Amino acid sequence: MAGTKKIKTALISVFHKDGLDELLKKLNEEGVKFLSTGGTQAFIESLGYECQAVESVTSYPSILGGRVKTLHPRIFGGILARRDNEGDRQQMAEYAIPEIDLVIVDLYPFEQTVASGASEADIIEKIDIGGISLIRAGAKNFNDVVIVPSKAEYGMLLDIINKKGAETDLAERKVFAEHAFGVSSHYDTAIHEWFAKKN
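Residues are numbered in our numbering as their position in the sequence shown, beginning at 1, plus a constant of 948.
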């Protein structure tokens, strides 16, 4: 198939863990390595799978009360690097940037937090920064990366893996990218509407 790429390393950072088990099982069976943060890493390891901590790649802990975890050149370089670009490949080697082929992420529940009647401070903390950035980065580099922007797409990826293993073609990655920008657009619209109502 056109533009077939193998998934070797997955970055997984999700707020909601439900529904992830089956996908992790299949990815693990296919030999995909896991990279994760905090609670998601603990969840992956609780299922018996090895998982590398993001901070072992970035050399930084989660800081500022969890506001900054994945925002680092080694993580975003690993997602955004063009695999067929010699300059990108040289810089990946120079700065020890790992290839990240799959990003599974969901966003802090902003709309649910607003609907719950939470305080303004709590609502502000539910404006996702790292997650939305990972979604955009993975979608931008759909040529090389699979982006799974919410649990609604777990089934799509599972179907692909069940049919042909941990490989995707360009058309499939474009569909994931389209969904990803739909997720980010909806999320930012909800945040914009909340701010607009406050003024």
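What the hints contain is simulated information worked out from the structure, not anything from laboratory work.
Any given hint could turn out to be false.
List time: in silico EDC-like cross-link candidates among lysine to aspartate or glutamate, alpha-carbon distance up to 16 Å [stated by the list, open to error]:
id	residue 1	residue 2
1	K973	E998
2	K956	E1115
3	K953	E1042
Label-pair distances were calculated between CB atoms; the ranges are [to be verified]:
id	residue 1	residue 2	range
4	S1004	E1141	19 to 25 Å
5	S1133	Q1038	20 to 26 Å
6	G987	D1070	14 to 20 Å
7	I1011	G951	34 to 40 Å
8	P1057	N1033	33 to 39 Å
9	Q1000	Q1038	31 to 37 Å
10	I1077	L1106	35 to 41 Å
11	E1115	F1143	24 to 30 Å
12	T952	G1103	18 to 24 Å
13	L1106	N1033	28 to 34 Å
14	S1067	Q1038	34 to 40 Å
Computed from a predicted structure; not experimentally measured.
Even for Gly, the Cβ is constructed at its ideal location relative to N, Cα and C.
Open item on the list: Under the constraints set out in the numbered hints, which ones does this structure not fulfil?
Closed with: 3, 4, 5, 9, 10, 11, 14
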